[in-house]
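Enquirer: Heads up: the sequence shown begins at 5 in the working numbering, then just goes up one per residue.
Since the hints were made in silico from the structure, they are not lab data. Honestly, I wouldn't trust all of these hints.
Restraint-style ranges between C-beta atoms, simulated for each label pair [stated by the list, open to error]:
1. Glu125 <-> Glu52: 55 to 65 angstroms
2. Ser20 <-> Gln65: 14 to 24 angstroms
3. Ser88 <-> Ser120: 38 to 48 angstroms
4. Ala69 <-> Lys112: 17 to 27 angstroms
Since this is a predicted model, take the numbers as computed values, not measurements. Glycine included, every Cβ here is placed at the ideal spot set by N, Cα and C.
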Amino acid sequence: MTGDGETSADGLAVSSSLSIPLSELQMRFSASGGPGGQHANKVNTRVEVRFDVEHSPTLSQRQRARLLERIGPEARVVADDERSQVRNRQIALDRLAERLSGALRVEKARRPTRPSRGATERRLAEKRQRSQQKRSRRTGDDG
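Given the sequences, and given the hints that come with them, work out the whole structure.
Expert: Structure follows, in structure tokens:
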């Protein structure tokens with residue numbers, strides 16, 4: 005990963021220009037279902053992290069508008085992959101950072117281009133060659 009999802013005392017690093025304070029993230033812990041026997045039934049290892057996009061003071065207007073358009077008013081991720089709450093917490097924070105950075109990424113506008121003359125000629129020559137090859141496979145009596 006390129007530094008995304010790193011947590012420190014000051015927050016969750018989403019991108020080079022955005023770090024969300026951990027105080028803005030709401031975490032809930034619950035029992036993780038599925039296999040694991042008594043351990044899974046007793047320990048709250050499932051982690052759910054929520055981030056209120058709409059009311060976050062950390063986001064700029066442009067970032068907020070982009071996230072609202074692509075994610076909605078709240079970003080939510082869940083992790084129950086591991087038996088450890090600490091590891092699930094880190095996985096959930098990584099997933100949230102990845103999701104937010106993906107939504108903030110600006111797509112490059114595509115500039116329409118034309119195939120070069122050489123590319124067009126090569127394509128047509130290849131088509132002629134393929135046509136000739138198929139023609140040579142035919143039998144003499146077409147019917």
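Enquirer: Next step is simple, just say for each hint if it's right about the structure.
Expert: Comparing the hints with the structure gives:
1. Between Glu125 and Glu52, the C-beta spacing of about 59 angstroms keeps the proposed range 55 to 65 angstroms intact.
2. The given range of 14 to 24 angstroms is respected by Ser20 and Gln65, whose C-beta atoms sit roughly 19 angstroms from each other.
3. A hinted range of 38 to 48 angstroms is violated for the C-beta pair Ser88 and Ser120, which are about 56 angstroms apart.
4. Our hint of 17 to 27 angstroms for Ala69 and Lys112 holds, since their Cβ atoms are close to 19 angstroms apart.
Hint 3 from the list above is the single one not met by this structure.
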